[in-house]
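Please put together the full structure from these sequences, using the hints given.
Okay, here's what each chain looks like letter by letter:
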Amino acid sequence: MIKLNNVSKSFNKGKANEVNALRSTTIEIKHGDNVVVVGANGSGKSTFLNLIAGNLNPTHGTILLQDVDVTQLAEYNRSKWIARVFQNPLSGTAPDLSILTNFRLAALRTKPKNLTIGTDKAFKELVQQKLSTLKMGLENKLDQPMGSLSGGQRQALTLLMSVMDDAKILLLDEPTAALDPRSANFVMQTADKIIQDYNLTAVLVTHNLKDAYTYGNRILQFSEGVILRDISSEEKKQLELTDLFAWFE
Amino acid sequence: MNFYITALLLGLSLSAIAMGIFISMKIFNIPDITTDGSYTLGAVITAVCLTHGYPIWLTYLLSVMGGALAGSITGFIHTKLKVNALLAGILVMTALYSVNLSILGRSNIPLLNIRNIFEVISPTSNLDINSSIALLINIALLWTGLSLLLKTDFGLAMRATGNSESMIKALGVNTDRMKIIGLAISNGLVATAGFLVCQYQGFADISMGIGIVIVGLGSVMIGETLNNWLSVTNIWLQLLFVIAGAIVFQLVLAFTLSLGIDPNLLKLLTALFVLIIVSIPQLGFRKQS
Numbered sequence: 001m002i003k004l005n006n007v008s009k010s011f012n013k014g015k016a017n018e019v020n021a022l023r024s025t026t027i028e029i030k031h032g033d034n035v036v037v038v039g040a041n042g043s044g045k046s047t048f049l050n051l052i053a054g055n056l057n058p059t060h061g062t063i064l065l066q067d068v069d070v071t072q073l074a075e076y077n078r079s080k081w082i083a084r085v086f087q088n089p090l091s092g093t094a095p096d097l098s099i100l101t102n103f104r105l106a107a108l109r110t111k112p113k114n115l116t117i118g119t120d121k122a123f124k125e126l127v128q129q130k131l132s133t134l135k136m137g138l139e140n141k142l143d144q145p146m147g148s149l150s151g152g153q154r155q156a157l158t159l160l161m162s163v164m165d166d167a168k169i170l171l172l173d174e175p176t177a178a179l180d181p182r183s184a185n186f187v188m189q190t191a192d193k194i195i196q197d198y199n200l201t202a203v204l205v206t207h208n209l210k211d212a213y214t215y216g217n218r219i220l221q222f223s224e225g226v227i228l229r230d231i232s233s234e235e236k237k238q239l240e241l242t243d244l245f246a247w248f249e
Numbered sequence: 001m002n003f004y005i006t007a008l009l010l011g012l013s014l015s016a017i018a019m020g021i022f023i024s025m026k027i028f029n030i031p032d033i034t035t036d037g038s039y040t041l042g043a044v045i046t047a048v049c050l051t052h053g054y055p056i057w058l059t060y061l062l063s064v065m066g067g068a069l070a071g072s073i074t075g076f077i078h079t080k081l082k083v084n085a086l087l088a089g090i091l092v093m094t095a096l097y098s099v100n101l102s103i104l105g106r107s108n109i110p111l112l113n114i115r116n117i118f119e120v121i122s123p124t125s126n127l128d129i130n131s132s133i134a135l136l137i138n139i140a141l142l143w144t145g146l147s148l149l150l151k152t153d154f155g156l157a158m159r160a161t162g163n164s165e166s167m168i169k170a171l172g173v174n175t176d177r178m179k180i181i182g183l184a185i186s187n188g189l190v191a192t193a194g195f196l197v198c199q200y201q202g203f204a205d206i207s208m209g210i211g212i213v214i215v216g217l218g219s220v221m222i223g224e225t226l227n228n229w230l231s232v233t234n235i236w237l238q239l240l241f242v243i244a245g246a247i248v249f250q251l252v253l254a255f256t257l258s259l260g261i262d263p264n265l266l267k268l269l270t271a272l273f274v275l276i277i278v279s280i281p282q283l284g285f286r287k288q289s
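Protein chains in written order, with UniProt numbering: chain P, 1 to 249; chain H, 1 to 289.
No wet-lab data here; the hints were simulated from the structure. Ideal Cβ placement from N, Cα and C applies to all residues, glycine included. One should not assume that every hint holds.
As the list claims (entries may be wrong) - Cβ-Cβ distance ranges computed for the label pairs, FRET-style:
| no. | chain 1 | residue 1 | chain 2 | residue 2 | range |
| --- | --- | --- | --- | --- | --- |
| 1 | H | Asn234 | P | Glu249 | 50 to 60 Å |
| 2 | P | Thr116 | H | Asn264 | 50 to 60 Å |
| 3 | P | Lys13 | H | Gln201 | 23 to 33 Å |
| 4 | P | Asn6 | H | Ala271 | 52 to 62 Å |
| 5 | P | Gly147 | H | Leu61 | 36 to 46 Å |
| 6 | P | Asn88 | H | Ile280 | 22 to 32 Å |
| 7 | P | Glu139 | H | Val99 | 46 to 56 Å |
| 8 | P | Thr116 | H | Leu141 | 16 to 26 Å |
| 9 | P | Lys13 | H | Lys80 | 14 to 24 Å |
| 10 | P | Lys15 | H | Val99 | 37 to 47 Å |
| 11 | P | Ala122 | H | Asn113 | 52 to 62 Å |
| 12 | H | Ala271 | P | Asn88 | 52 to 62 Å |
| 13 | H | Val99 | P | Ser24 | 29 to 39 Å |
Shown next as structure tokens:
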């Protein structure tokens, strides 16, 4: 599903402040993998995610999505495979636009945005039906601006928006970092449910080791630009939460 | 009274600028100074075409295309050459001064005894009424077209580009292309105002665009204040209030002039007036949005 061949990323190459954020990394993430990425600040895990998403281009190496070489493709051209949830709840939704409008654009993620009006009655009913699965009571507030919702609500809606259109890969960049524990919990459970229901391949970057322990079937630990540990599904089952904490000591 | 009718008609003509600034400023969040140049460009193309006997529809089309081209150049410089939007606008505006002067050939062209858009339909014998009807039809068409555009999926993507760029990129939109198209539409509208005002006042002048971006900005701010007061989210009404803002703006200026203030101080007054409008929300007189 996702393949990185010998991928490196350096910032400020050739200058005194050169940073090798990712060093010749080769990894394959298979369909249905639900990967949790952990690592200290500056370990390269966000760079890893951004390279897959396409808002960073690698210095060396190639990136393949479903066997298609996407190394040179811009972020907006990778949206036919990838849906994203950002750390900042503001980044994944448009605050001044209504809930309905946000969902309309999400429903067109892999399609062209044409000169036709798509927010018709049938579409409204579809969004209402999807919203009701979250049980947040937003079904009848479609015209409310997204900005009037809380961070947790917006992250949950971003997750739901990601499956409004055909999605294969879901990238989550510390989606709960800006949320209170209760909202964070709700967002993680929603994410897990959506990943299972829609059979997505997911990559979650997180600092929360408890989430890393609870969710996903594979763990990658990054350290100074390389993958230090790659824990598969079977090994992960043997793992204790204390083991994870021990990695960071 | 005549004074206010003139202001009303001028306000209607300039409401095209207000709609243009609404796109660049409110939809895309880009302060676009190209406006000063593209407004004059619209007027200059109109004056030259009409004096050379071109039909009005072709003149209209050429003016709009001229403005759109200027806007897309600003958009290109901003997005592809990564130049600050304000600077990109200033560059194109400065360059347009020479372009406008070259097209015009001299600093002023009068339109004497030339049939203009206000004479295309003449249901009454009163020139002011005929002009108002022609202007109302024009502005109504622009308003309808723009509102419809902003309701389409493409228009929604335009609005999201200015509101949450990270989101709309992740949703598969080339935001650079979107901004270039947006600035082209914006400046096309601005040039439309140049086209209308040139015929309304009967001449094109090289310096007619100085400070016009402020007029547009002031109009949009008045419209926005009304929108916030009435909690309007509907795009049709939002644009309608922006058009109303352009008219209110001209009426206020006409009122100040009628008090006997030196017309040389007009630009100073305009700037002060806009300063008041933009600072009122900061001072907390406006309802929190």
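Comparing the hints with the structure gives:
no.: 1; hint: Asn234(H) / Glu249(P): 50 to 60 Å; result: holds (57 Å)
no.: 2; hint: Thr116(P) / Asn264(H): 50 to 60 Å; result: holds (51 Å)
no.: 3; hint: Lys13(P) / Gln201(H): 23 to 33 Å; result: violated (58 Å)
no.: 4; hint: Asn6(P) / Ala271(H): 52 to 62 Å; result: holds (59 Å)
no.: 5; hint: Gly147(P) / Leu61(H): 36 to 46 Å; result: holds (39 Å)
no.: 6; hint: Asn88(P) / Ile280(H): 22 to 32 Å; result: holds (31 Å)
no.: 7; hint: Glu139(P) / Val99(H): 46 to 56 Å; result: holds (55 Å)
no.: 8; hint: Thr116(P) / Leu141(H): 16 to 26 Å; result: holds (20 Å)
no.: 9; hint: Lys13(P) / Lys80(H): 14 to 24 Å; result: holds (23 Å)
no.: 10; hint: Lys15(P) / Val99(H): 37 to 47 Å; result: holds (41 Å)
no.: 11; hint: Ala122(P) / Asn113(H): 52 to 62 Å; result: holds (57 Å)
no.: 12; hint: Ala271(H) / Asn88(P): 52 to 62 Å; result: violated (37 Å)
no.: 13; hint: Val99(H) / Ser24(P): 29 to 39 Å; result: violated (52 Å)
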